[in-house]
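Given chain F, work out where chain A should sit, using these hints.
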Amino acid sequence: MNNASRVRLILLQALVLGAVVAFGAWLIHNTLTNLESRGIATGFAYLERQASFQIGETLIAFAPTDTYLRALMVGLLNTLEVAILGCVLATFLGVAIGIARLSSNWLVRTLAAVYVEAVRNVPLLLQLIVWWDVLRVSAPAPREAWLLMPGVFLSNRGLVFPLPSFTDGFHWDIPHLVGFNFAGGHTVTPEFAALLAGLVVYTAAFIAEIVRSGIAGVAKGQGEAAAALGLKPWLAMRLVILPQAKRIVIPPMIGEYLALTKNSSLAVAIGFPELMSITNTTLNQTGQAIEAITLMMVVYLGLSLATSGVLNWVNARAALQGR
Amino acid sequence: MNLSRTLTAALLAMAIVMPAWAGPTLDKVKKDGVVTCGVTTGLAGFSMADRQGKYTGIDVDTCRAIAAAVLGSADKVRFVPATAQQRFTLLQSGEIDVLTRNTTWTLTREGDLGFLFAPPNYFDGQGFMVAKKAGVKSAKELDGATVCVQPGTTTELNLADYFRTNKMTFKPLVIEKLDEVENAFFAGRCDAYSTDRSGLASSRAGKAPNPDDYVILPEVISKEPLAPAVRQGDDEWFDIVKWTIFAMIDAEEKGVTSKNLDDMKKSDDPEIQRMLGVVPGMGKSLHIGEDWGYNIVKQVGNYGEVFDRNVGPASPLKLDRGINALWNKGGLMYAMPIR
Chain F
1 MNNASRVRLI
11 LLQALVLGAV
21 VAFGAWLIHN
31 TLTNLESRGI
41 ATGFAYLERQ
51 ASFQIGETLI
61 AFAPTDTYLR
71 ALMVGLLNTL
81 EVAILGCVLA
91 TFLGVAIGIA
101 RLSSNWLVRT
111 LAAVYVEAVR
121 NVPLLLQLIV
131 WWDVLRVSAP
141 APREAWLLMP
151 GVFLSNRGLV
161 FPLPSFTDGF
171 HWDIPHLVGF
181 NFAGGHTVTP
191 EFAALLAGLV
201 VYTAAFIAEI
211 VRSGIAGVAK
221 GQGEAAAALG
231 LKPWLAMRLV
241 ILPQAKRIVI
251 PPMIGEYLAL
261 TKNSSLAVAI
271 GFPELMSITN
281 TTLNQTGQAI
291 EAITLMMVVY
301 LGLSLATSGV
311 LNWVNARAAL
321 QGR
Chain A
324 MNLSRTLTAA
334 LLAMAIVMPA
344 WAGPTLDKVK
354 KDGVVTCGVT
364 TGLAGFSMAD
374 RQGKYTGIDV
384 DTCRAIAAAV
394 LGSADKVRFV
404 PATAQQRFTL
414 LQSGEIDVLT
424 RNTTWTLTRE
434 GDLGFLFAPP
444 NYFDGQGFMV
454 AKKAGVKSAK
464 ELDGATVCVQ
474 PGTTTELNLA
484 DYFRTNKMTF
494 KPLVIEKLDE
504 VENAFFAGRC
514 DAYSTDRSGL
524 ASSRAGKAPN
534 PDDYVILPEV
544 ISKEPLAPAV
554 RQGDDEWFDI
564 VKWTIFAMID
574 AEEKGVTSKN
584 LDDMKKSDDP
594 EIQRMLGVVP
604 GMGKSLHIGE
614 DWGYNIVKQV
624 GNYGEVFDRN
634 VGPASPLKLD
644 RGINALWNKG
654 GLMYAMPIR
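Protein chains in written order, with my numbering: chain F, 1 to 323; chain A, 324 to 662.
Hints listed in this document are in silico derivations from the structure and should not be mistaken for laboratory results.
Just so it is clear, CB atoms sit at the ideal spot from N, CA and C, and this is done for glycine as well.
Keep in mind that a hint or two might mislead.
Unchecked claim - If you only want the chain F side, here are some residues facing chain A, beta carbon under 10 Å, derived:
| no. | residue |
| --- | --- |
| 1 | Y46 |
| 2 | W132 |
| 3 | G185 |
| 4 | T189 |
| 5 | G287 |
So that you can see chain A by itself, here it is in the shape it has in the complex:
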């Protein structure tokens, strides 16, 4: 299992060995008629395949929105499940067009790995989950704890930083596969499980034998802006991914939803008219069809709809909007003007 995974990574690395892959991403996507996205191997709310093999989640919807904007159909997508370890090589080697895989935007990932990050589709922060019966109320009480964690993540680094800053010791138990990390934690092998708080909520809702037996501690020990990433050197494609996210946020701000979309086409608001292609020009600037914004909202929905459907209070994850609310409602979701 793991050997094959390393082999895959090695093979993907070998893909870099081949002559420079030609032509910008947009041409390739149009030619293939499909957008290929790297997603997680299974994290409820972000990307998870159901029994029919249908993927759902915020990251999945981001990918579908890109396909709707570029190809006019949200279903023209192909998902490549990637472990934390494989994801960067997949993108570097050109196996995927965009990485929509709850990945934290960091300096070295742009500088050293050669990526560019689009605006975050979820602002997260790292936390801890413990068993209720351990009686722990704060992360400050975790001195000496064994902490389950996945490798190759910013989580692993933040964890070391946090314990060092607070002069506490801990033993990491690093396991590659998410399922095995969760199994180890819920079997009591670790005192705490640390990852992004959305991920903790997702594991608790999806994998805990009894979700009420586990608590997520109040401390948020890091900033984790989860954002889609593309390769450097293809600004046209980068623009498309970036403005797809902005369109979803802007649609929510303007009250445009997948339900009222056709009425909204008659709106007098010039921004809505530009976004939905009633007044043409925006699509041309991005080198895609004028109905790009319409297709995104029609087929996928605005940001608020996507959030509620996948991780919101009505979903199994029961996350509130928090800092992911719109900027004018006290959150961080802010779209640049579509003009």
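Bound conformation, chain F alone:
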């Protein structure tokens, strides 16, 4: 390339960059001017104001007198709770189904294939609502709750079980019926259970396919060599095939974990108070749609980047060295 065309190329790139920046600045300027001319409040000061609403499920203490910022923290922690549990459980289920897909047993193989095809091809939102309806409708009211084990109750309010308590020495905090609901112990609500079940079952189907292709990607000779050494099929799978398949499997798995985390925002439909749900309420009470949605996008982006960062590191460690 001669000098003149190189200069032209740089000039062109500078022009495009300048246009993008100018367009962005124009958008922001317009937005602020228009918001002001219409008397609509702007800025992030609302985060420090009192939220005034209550949240049904919280991992940290929350009262209506706390700020919007803390409410969003509660939502974020709920998102993280379901995302982390979901990723772990979906991995176990997905790997099991993936291996089952390659089983020499016709029934196991077919059942796994039916599972994958059925689950992958039904919209997740629909699955969540079905899970929720099943959990809600099939279980009885709290006063007629099923006693599954001593201290463990299942009702349409969820699964309640005892928790160890360390205040005043060790004892079990056993749930008991007070008025409408159970007090004490720990409750897994139908909303949380439905969301977790829905996300795990859905994502596991995709993970199963990744695992299956990962196993299929390991050279056939490896399995034959393991068999020749006298390893039982299960040991051959665990010691020889899976460790090699892992290298193939990790990169596409990152995408599935990201998808699961982002899909957890569908919980608004079934009433689990995660980040999206809290943002919805905040957006409505303050009317600051642009700020609230921007903040939510930034948080999801941060979550996604952090997830892929961690998994890329794992991937780098799992990759073959120096070949």
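Structure of chain A alone, referenced to chain F:
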């Protein structure tokens, strides 16, 4: 579903990003030949589409009255169903001309959101509905209850206030779509369902498997003046919406109905003459036709007719007039003088 809804909200928010939308609302409405109103996605008595897709309800009739006043035909309306969450952005971005969607008039909605509220077309208050078999007689007995509620409403805030004031605890179950809130409550997922009492009556009449199995508790825990809202900065349009409501109330007070309207045109009462345009001037002041009042009552009816048709004792909602009676009959409905 919800994702698309948030996307809509985001897109509408983006509409604010575009250069200031020009010209007052009246010009736009006249040019388009249609009044665009934001209404609820389905609340019997307020706004509900029937099998033919025809909308009925108090909010719908308010919108139709505005169209009758401005365009001379109550049918020149377009309804945009909006969730509690979308409604404000719809109005802010100019997608709708007026929000007639059982929306509570509050300070921050005028101050922070940039709206103005016309006179309420329904004075409501928040209450609780419970299953009869729960044996609850008063909201004071709801300690520890799970309460179903919609997000983005004053309901959510009043609820927290009420339980806090009475030193009781509760667990909200916040679900975005009204249908799903109702399903959850009637399936027994919540001990109580809380919203405006008219809304409770509407859900009970329309969605309960057996309406007699549910009771609305006597406590009214808030004031909910439900009023149409418009954007700030267009006083001409605000006046039209405001006086449309006043005309409907005034017509009832003066005994002018859609049935006797043509006889009433011969009335000696100067207020009636001004309202119906027999003596011109009022329409000119509002920058619309002189037959605005006539068209409202002829095509939609006076406030009492609208109330009875949509939510009154003869309707499925069976609500009595209560505080929505005229001021001279012990209620709050009071129209400023049309002169």
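Hint check:
For Y46(F), the suggested interface contact is upheld, since its CB lies about 9 Å from the closest CB of chain A, less than 10 Å. About 9 Å separates the beta-carbon of W132(F) from the nearest beta-carbon of chain A, less than 10 Å, and the hint is met. Interface hint at G185(F): violated, since its Cβ lies 14 Å from the closest Cβ of chain A, which is beyond the 10 Å cut-off. The restraint placing T189(F) at the interface with chain A holds, with a minimum CB-CB distance near 8 Å, inside the 10 Å limit.
The interface hint given for G287(F) holds, since its Cβ lies 4 Å from the closest Cβ of chain A, which is under the 10 Å cut-off.
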